[in-house]
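Position one of the sequence shown corresponds to residue 1 (my numbering), numbered consecutively onward.
Hint data in this document are derived by calculation from the structure and do not stem from the laboratory. Beta carbons are placed, not taken as given, at the ideal position from N, Cα and C, and that holds for glycine. There may be inaccurate statements among the hints.
Said to hold, decoys possible - Quick list of simulated restraints, FRET-style, between CB atoms:
id, residue 1, residue 2, range
1, Glu-488, Ile-342, 48 to 58 Å
2, Lys-403, Ser-73, 46 to 56 Å
3, Asp-392, Ile-450, 40 to 50 Å
4, Gly-115, Asn-345, 53 to 63 Å
5, Gly-395, Asp-464, 48 to 58 Å
6, Gly-377, Thr-351, 48 to 58 Å
7, Pro-251, Ile-303, 33 to 43 Å
8, Gly-395, Ile-342, 20 to 30 Å
9, Lys-124, Ile-450, 24 to 34 Å
10, Asp-487, Asp-340, 48 to 58 Å
Unchecked claim - Here are the simulated lysine-lysine pairs, DSBU-like style, with alpha carbons at most 35 Å apart:
id, residue 1, residue 2
11, Lys-143, Lys-125
12, Lys-192, Lys-470
13, Lys-80, Lys-148
14, Lys-103, Lys-123
15, Lys-80, Lys-124
16, Lys-143, Lys-403
17, Lys-80, Lys-470
18, Lys-403, Lys-124
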Amino acid sequence: MKKKSPLLKIVGSIVLLGIGVFLGKSFFGQKNVETVPIPSTMKYRNIGLTNDTTQVASNQEFTGKIIEVKKGSSIQNAVKEANPGDLIRVYPGTYSENVYIDKDNISLQGVVINGEWPTLDGKKKINDAFLYSGNGILIENFKIINYKGNGVMGQAGNNFIIRNNWIIDTGVYGIFPQYGKNGLIEHNVLSKIADAAIYVGMCDNVDVLHNEVFDNVAGKEIENSRHCLVENNYAHNNTGGLLAFVTPGLPIKTTFDVILRNNFVVNNNHENFGAPGSTVAGIPAGTGILIMAADDVVVENNIITGNNNTGITIVDLATGAPKANDPNSEGNPDRVVILDNIMFNNGNAPTGEIKAIMLTQMDTKGPDIFAYGGGSGSTIRDKNRYRTFGLDNYGPSQITDTKDLRTFLMPNPVPPRSVSKEELGELTYYGVCAGCHAFGNRLIGPPTEIIQAIHKDNPQGIVDYITAPKNLRKDYPEMPPQDYLSDEAKMAVAVYILAMKD
């Protein structure tokens, strides 16, 4: 019998050792836990330290408590237990609840174990997954599905971070900060949202970075907001990819200082399934980027391709929202700047007004860039690079890029909004009601003047409806109850609504 060679013995020993290590790790090894030890709300971004807006500097040491939530327990109960500065860690499992955060500096962090995520499932019965009014809120590492209203909604909370979440089929909006300042929305994936996947409403100083949105009506929407950076996002197969516009009838009347930069805006040709009569229901399928009545918008270094209506549409309110009636909203898109972008294969199947207008030009194909209506002071770096319509008054741009502006985030957290008793009604309307109700314009809910007519001289009627709404009209979706608001806030906003004038 032949003896085994020394080489075979060595190889065999290595194989057996490898098997032993594998079996040992499989049965006795520690499970792989993917989580961030201390989230960045516990410190703060040091703007300008690097090119990465998530770079943090140790400005505030974590001194809070870590509260763990595991399968079978309640996230909301953990929020009730938490104090400002605490971290709530949520482990894998399914949690069917609405989580309301009305405290400052609370961090909610999902813990991912072996690919299993903590999942909030609304089962098409619950309106909102996360609803926050506190300042300094972090929400990260969650899977959010099957809600009727919103995945994450902010109500007048500043210094927010919403990142690394899966948000699928959550009703009207996916991520919706309203009337907040100094926020970061990054590394989220959103799909099957009936209005806007990411909706920045009446906010200031918000960065929207590295998100993917697809199969929604609107991918990302900057509405009545200022100082916003939308960069390095992938918007595909939505009705409209990226939007920056003014919605008439809201308390904040302007959108300006918006940069749309380094995004992929591809094949946004999804059928529009928005609520009939709503603003987004009027977005034509095949819209890459839409700028409506927004000022000082820069479109730079995006790849915009395969959008069947147009690559970029720039219109005034009279064209884009002709039914709206708000004399206090200036309806022209002024000082729009189109820099270098890669645009091709857009406009292959134009629809509606753009199709009709192009036919007057003896052309059946939509342009890369379409501008129609009023506006002044707009410029373009190289008009000859693109197929265009309506850019005769656009001059040469005075800038070549915006690379020196890395972020619109503030270098330090901004203070919470100071609210007097007299201002409570106004703040509640801005932060809670104005996302769905506007004066002289239909959004998701009835216009404000209709609410005034129904509840004339009866603020208690509005309070009762806020607390326990009933869906009495088939042409509007069910309103989520706002019963978490204090009695004082409910009455204050009811009085404010009845006193409002156009």
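A quick look at each hint next to the structure:
1. Glu-488 x Ile-342: 48 to 58 Å: Holds, since Glu-488 and Ile-342 (Cβ atoms, about 54 Å apart) stay within the stated range.
2. Lys-403 x Ser-73: 46 to 56 Å: At roughly 47 Å between Cβ atoms, Ser-73 and Lys-403 fall inside 46 to 56 Å, so the hint holds.
3. Asp-392 x Ile-450: 40 to 50 Å: Between Asp-392 and Ile-450, where Cβ atoms are some 41 Å apart, the hint holds.
4. Gly-115 x Asn-345: 53 to 63 Å: For Gly-115 and Asn-345 the Cβ distance comes to about 37 Å; the hint is violated.
5. Gly-395 x Asp-464: 48 to 58 Å: Given a distance of about 56 Å, which is inside 48 to 58 Å, the answer is holds.
6. Gly-377 x Thr-351: 48 to 58 Å: This hint is violated: roughly 30 Å between Cβ atoms.
7. Pro-251 x Ile-303: 33 to 43 Å: Taking Cβ atoms as reference, Pro-251 and Ile-303 lie about 36 Å apart, which means the hint holds.
8. Gly-395 x Ile-342: 20 to 30 Å: At 22 Å between Cβs, range holds.
9. Lys-124 x Ile-450: 24 to 34 Å: For Ile-450 against Lys-124, whose Cβ atoms are near 27 Å apart, the range 24 to 34 Å holds.
10. Asp-487 x Asp-340: 48 to 58 Å: 55 Å, holds
11. Lys-143 x Lys-125: Satisfied, since the Cα-Cα distance of roughly 17 Å is no more than 35 Å.
12. Lys-192 x Lys-470: The given pair, whose Cα atoms are some 26 Å apart, holds under the 35 Å limit.
13. Lys-80 x Lys-148: With a Cα-Cα distance of about 24 Å, the restraint between Lys-80 and Lys-148 holds, given a limit of 35 Å.
14. Lys-103 x Lys-123: 27 Å, holds
15. Lys-80 x Lys-124: 25 Å, holds
16. Lys-143 x Lys-403: With Cα atoms ~34 Å apart, Lys-143 and Lys-403 stay inside 35 Å; holds.
17. Lys-80 x Lys-470: 28 Å, holds
18. Lys-403 x Lys-124: With a Cα-Cα distance of about 43 Å, the restraint between Lys-403 and Lys-124 is violated, given a limit of 35 Å.
Checked against the numbered hints above, the structure breaks hints 4, 6 and 18 and satisfies the rest.
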